[in-house]
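Peer 1: Chains as they are written, first to last, in our numbering: chain D, 1 to 370; chain V, 371 to 603; chain F, 604 to 908; chain L, 909 to 1223; chain Z, 1224 to 1476.
If you are wondering where the hints come from, they were derived from the structure by calculation, not from laboratory data.
Capping the alpha-carbon separation at 25 Å, the derived lysine to any residue pairs in SDA-like fashion look like this:
#	chain 1	residue 1	chain 2	residue 2
1	F	Lys766	V	Ser498
2	D	Lys93	D	Val47
3	D	Lys270	D	Lys348
4	D	Lys267	F	Gly719
5	D	Lys32	L	Thr1187
6	F	Lys766	V	Arg485
7	D	Lys159	D	Val363
8	D	Lys173	F	Leu829
9	D	Lys5	L	Gly940
10	D	Lys173	F	Leu608
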Amino acid sequence: ADKVKIGFVSTLSGPSSALGVDIRDGFLLSVKLHGGKLGGLPAEVLVSDDQFKPEVARQLFERNVKRDHVDFMTGVVFSNIMLAALPEAIDNKTIYLSPNAAPSSMAGKDCNPLFFAVSWPNDAYHEAAGAFANQRGLKSVYLVAPNYQAGKDSLAGFKRTFKGQVIGENYTKLGQLDYAAELAEIRAAKPQVLYAFLPGGMGINFIKQFVGAGLGKETMLLLPGFSADQDVIGPVGPAMAGLFNTAHWSPDFANPANQRFVAEFQKEYKRMPTLYASQGYDTAELINAAVRDTKGKLEDQEAVRRALRSAKFDSVRGPFRFNKNQYPIQSYYVRTIGSDGKGGLVNKSFNEPILKDHGDAYVQQCMMPK
Amino acid sequence: MLQVRGLCCGYGRSQVLFGMDLDIGPGEIVGLLGRNGMGKTTLVRSVMGLIRPTAGEIVFGGRPIGAMAPHRVARQGIALVPEGRQVFGNLSVLEHLTAFRRAGAGGAQPWTPERLFELFPRLAERRSHMGGQLSGGEQQMLAIARALVTNPQLLILDEATEGLAPLVREEVWKVLARVRQAGHAMLVIDKYVQRLIGVADRHVIIEKGRPVWSGTSQQLDADRGLWARYLGL
Amino acid sequence: MSGLLVFEQALNGFQLGFMLFLLAAGLTLVFGVMDMINLAHGSLYMVGAFLAAWLTRVSGSFLLGALGAVLLTALFGMLLESSLLRTLYARDHLSQVLATFALILILNDGVKMVFGNDLPLSVPAALDGPVQILPGLVYSSWRLLIIGVGLVIALLLYLLVQKTRIGALVRAGAANREMSSAMGVNVGRLFTLVFGLGAALCAVAGSLLGPLLAVQVGMGENILILAFVVVVIGGIGSIRGALIGALLVGTVDTLGRTLLQQLLRDALPPQWASAAGPALASISVYLLMVVMLVFRPQGLFPVRS
Amino acid sequence: MTAARAAAIGALLAALALPWALQAAGADFYLGVASRILIYAVAATSLNLLLGYGGMISLGHAAFFGLGAYASAILLSEGVRSAPVHLLVIAVAVGVVALAIGAVSLRTRGVYFIMITLAFAQMLFYLANSMKGYGGDEGLAVRTRVLLPGGFDLHQPATLYYCALAVLVLVMLLLHRFSGSRFGRAVQALRDDEVRAEAIGLPVFASKLVVFVVAGVLCGVAGGLSANLQGYVSPNLLHWTQSGTLLVMVILGGVGTLWGGVLGAVALLLMQELLSAHTEYHEFWIGWVLLAVVLFARHGLGGALASLAGRRTAR
Amino acid sequence: MTHVPLLQVTGLNKRFGGLQATDRVDLQVAAGEIHALIGPNGAGKTTLVAQIAGQLASDSGTVHFDGSDITRMATHLRARRGLVRSFQVTRLFKSMTVLEHLALALQAAGGRTFSAWRPVRADTALFGRAEGLLARLGLADKSGWGIEQLSHGEQRALEVGMALAGSPKLVLLDEPLAGMGLQESEAMSSLIDGLRGEVAVLLIEHDVDAVFRLADTVSVLVNGHVVASGRPEDVRRDSAVVDAYLGTGQEAQ
Ligand SMILES: Nc1ncnc2c1ncn2[C@@H]1O[C@H](COP(=O)(O)OP(=O)(O)OP(=O)(O)O)[C@@H](O)[C@H]1O
Ligand SMILES: Nc1ncnc2c1ncn2[C@@H]1O[C@H](COP(=O)(O)OP(=O)(O)OP(=O)(O)O)[C@@H](O)[C@H]1O
Ligand SMILES: [Mg+2]
Ligand SMILES: [Mg+2]
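This is chain D alone, in the form it adopts within the complex (with noise of 0.2 Å):
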């Protein structure tokens, strides 16, 4: 091939696109400190947004593989469009890279050569999570999550390692933004450690609340990742310092991939990276070192198949590579947030991984050929 062609989809319009900007954003950032290239071809990424819409990505993801005929489809931030939209490529030989959405029945059952998943396993947070809780001896744990499939898995996550007692659920309506009923039940059930799942402004809101209602003297929140990463402290602010979250990413990895990213990121957007952006950028790179492998032969799909799962690349996030199903296996951190020493918060990595080389508890669903 003379261009590697990439379709590009991601929410990037509306209440939750911050989340697609970033991983847009990181992706774009590895594009161009290459030079416009991936693996020495001249990289054409086609941007496109679904602004939240399954519909939406369905049409774009036809558009990308029908019309404009691409080597790979990537972007799609929510597993429910990814969902919907993955039969376009799948169906036309393309292959996915999923910079973000990993769901457990991928991972499972419904495994496919041609999706790769190059973040991190749906469940794999919430478990880190739940063995931190085990490691602080805390004994009662209330659970929040939106009322969607992801949600439900992430609860399921937390619950396959947290030893303790879970005394309260709440499935939330999926966008919703006031949580005042929630963090009432909350506070009259008093558990030690408040687990919320909840993705975006969804967090944001939940996070701000909880902290205006008081209830941070009394219930310790433990969150995921991703609702205490960059794009949550800003809005929230000082409350945030001191919570812990857990991530398989963090800004201050020492890993020399990373301290690139992170200040070329800066550099470019002068802003903090989240986990999106370097999940974007680490998307970018894996194809980078496939097309290289594979001396940019990309009608040999199969070859291509190859380089992908042996993953030659420095990520971003250290030492990570592909499962038989195509998951990562890599390890999850503790991180905590604290002050940058320029008046802003940001997040810290404890050093011991809390789950080593995990992988995920689906890969033996998953009857993936060769």
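Assemble the complex: chain D is given as a structure, and chains V, F, L and Z with the ligands must be docked to it using the hints.
Peer 2: Showing chains V, F, L and Z with the ligands alone in chain D's frame:
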């Protein structure tokens, strides 16, 4: 007081008035007669500024009002009892009389809600009813009262006795006589010509948008040929 | 379930209710009184919130920011009314729907062009924390403030519309614009003022809710539907109805999310409860409206006969 | 009349030739876009029947679209592919739901009707969200498509296109005949004044209910086609914003004009397709176009076209 | 006149909140007669008409028409049986021409509403009859006009014409002469006069001259209750009626 000269207007492409003239002096009562659809209401509406004349001029109290917005025309001292009543369905009877009340040129005895309730006891009984809940005749009374409470210099009544019971109708004619004594000018459109002759000083007959006859009550009363020719009797 | 929890949930319901009221009041005025379906009402709320956030940042004071937002939004509303919306009064509801829908699209993208996708806005430090309102019950002071402001505005509005001459004139203008102007009322200016008032209320709601929720593009759409529900339940054009309707909707929504789920969990097997609970919570408000309309098709306090 | 008929026939011929033209131009992809436009033209026309002719402003019409789509998708996921079965199930399912919603909603008028239809649609929306067995909030993807009699498979883009075209032509014919029929006149009369219509002896409630159910079923058929085009259904199809979009199409195209629904669907979807490729702010520009239509084309695009042709519109 | 009345109203009541709008109304209209109903403004005449025609549900009492109890019957079914009303405030269809109004009224009377395929225009008989009626109403030259082009008086004529179109057995005319000029009043009066014997008319009218000229029977409603009923000459002299309604003033043109 009111001068209409060469007035032309209409709706969209259809012209209704073709050079209409009309004069009303201070304290004068003029009857406007003509068959259905001859343009009486259209004349009234253009005086009120509700439709724009295409030609001609309208002068009230020395000021041209042909291009004025309706609310400014009204504030010059013209009040209208419109065809078909048009009371406000979501205002109470009392609100009709308080919201639009103006000092105006009421003379020695300005109209107040209290005086109007004396005039129409039926309305007093219904004072807190909404306009939309009134019977047809009650609405008609309200429309007259609403116009009077602005204490206008010129009162225009477009079929103001339509739908009134005979007793009340008599009452209205009496009111008109009283209003006249107070010095208001009036333009009255009504189908009870005999009554109108009793009240008005002069009359204008309109046919196809043009004035075709004008004269005093005596002249109109005497010339039954006119009635036959222009009013269809 | 303890008494304190029920009380706290009632407060939560009221707080939501008063917020809805601020939006519904403007909507019901414009809609019931001026007979104009304004889908862009939610966009005014968004504009108000963005202005509040921006002005707060520029001035460094939330109070100044909020006041400025109220003023500017009112001005913006009046500008909108006198440049565009007034040509729509004489048109049918459908033209109004299309035009104000177009406004939503334009304002959403327009705000995004000017301010970006979202702006930070925080509760002023003094009111950030909780306060003790009863022994054993602490409550967010900001939410208390919202309840207070809502109450005061409700009272003022009720007096304005029901008890003043202006209120009567506005209603008259709505019922029959032509006749009102023939009665000497400058209907155009009156409507512009009313619209400005509605916009100002939107900005009040935006400034109060912005710090609690989020100041972001598209924030108006969902709350718009709830505001419409409130207006319809209360009876179109009725301020009293809007208040009662808003409190009702706020309470039902809060109960649906908490008490109802609790009851279901006690009454049904867990997998049923976890399936039915959230679904019922989401539709409780709509259910309320349907039941309401079946039994009182004109809303609680019908204004027109 | 003749000019209108000539235009209609011309449009039909162009539509028939479109697949060949696209193939020749190597732009097959756009056939899917064209099918989507046809499907939404059917849906918008069904709403126009309800709204423009019957005077019932429904903000819940997308519920029927979604219902039809789900009916078809669920049948497909259960392995049923026969077109007549799909048609029958859609008609019965949507018909029954529309009958129930209509029987309650039609007791209210005006804005209250708008809101009660919205409420019902939102309830169905949340119901679809909690249908775990059929995808819940994630929606339901299907791999197979409906088989038409004669072995035509809707998986074939051209087959689906022609099928949608046939449905649209049928619906247009129906609407055309309806508007001049006894029933059509009665319905238009009750749109203007129900009390009056009833007073001269027209069965107002029954007429409205019939129109409501028929419009619902037609929209359901469009939904079924959409499920076959997309191979995917989700609760979003039932969301009120979808109903709003249908409404906007009708108003844009011309309320109560024969071609209103079609023109609106074509214009809105084409604008989205073309503008979204060029600017992030496409809704901004669409907004201005809609505004211009409200201000300068009183009866929508249909009205504007008709007055260009120098004739009076139906309204 | 027949002995069984065409319309028999017994003990009909309607309350609006604190107001008894109609109060134990008894009223009979014989087939073919012109029965005038007069009374002061707000007496309850329009309310009674709405109760008889079915727009308003009665609180109590019964309405019998043409041998059957129609108290709870739907409005359109009453109309189909030949009981039709006109409205005091004109109600017409803004999207239809004058001729189409009458054709529609004829069509409604004929049933078969749900025929949705055959163009109604093809029904030349229907339109022929509509045109005939148009001529009788004096609107022949306005056949293709929209209603917004008609003057008030012309609209009133059409309003009444709509009620008459379907050859009803009984028409309830609520102030058919209101807003009409002298000539049109005259024409309308003779139109109503011509119905005598053919169609029964319940006529509400404040034009007392016309009432006494036209009516076979006059009933007087005061405060929702029938206070007098009988031949015009008798009612006219009834002192209660004079005090409550007629007054002593001379009505003339
Ligand atoms: N809104 C309108 N649009 C078009 N034509 C109209 C409109 N209003 C009235 N006309 C026409 O203008 C002519 C004059 O109407 P106008 O109402 O002035 O008559 P009028 O003398 O007041 O009659 P009437 O005694 O019946 O009230 C009529 O022939 C009528 O058809
Ligand atoms: N919907 C309603 N709600 C409350 N009161 C009503 C309603 N409709 C009518 N009324 C009252 O009932 C009484 C009778 O009204 P109705 O219209 O029957 O009188 P009417 O005899 O027809 O009078 P008119 O001769 O003036 O038309 C009136 O006092 C009126 O105010
Ligand atoms: Mg007139
Ligand atoms: Mg009456």
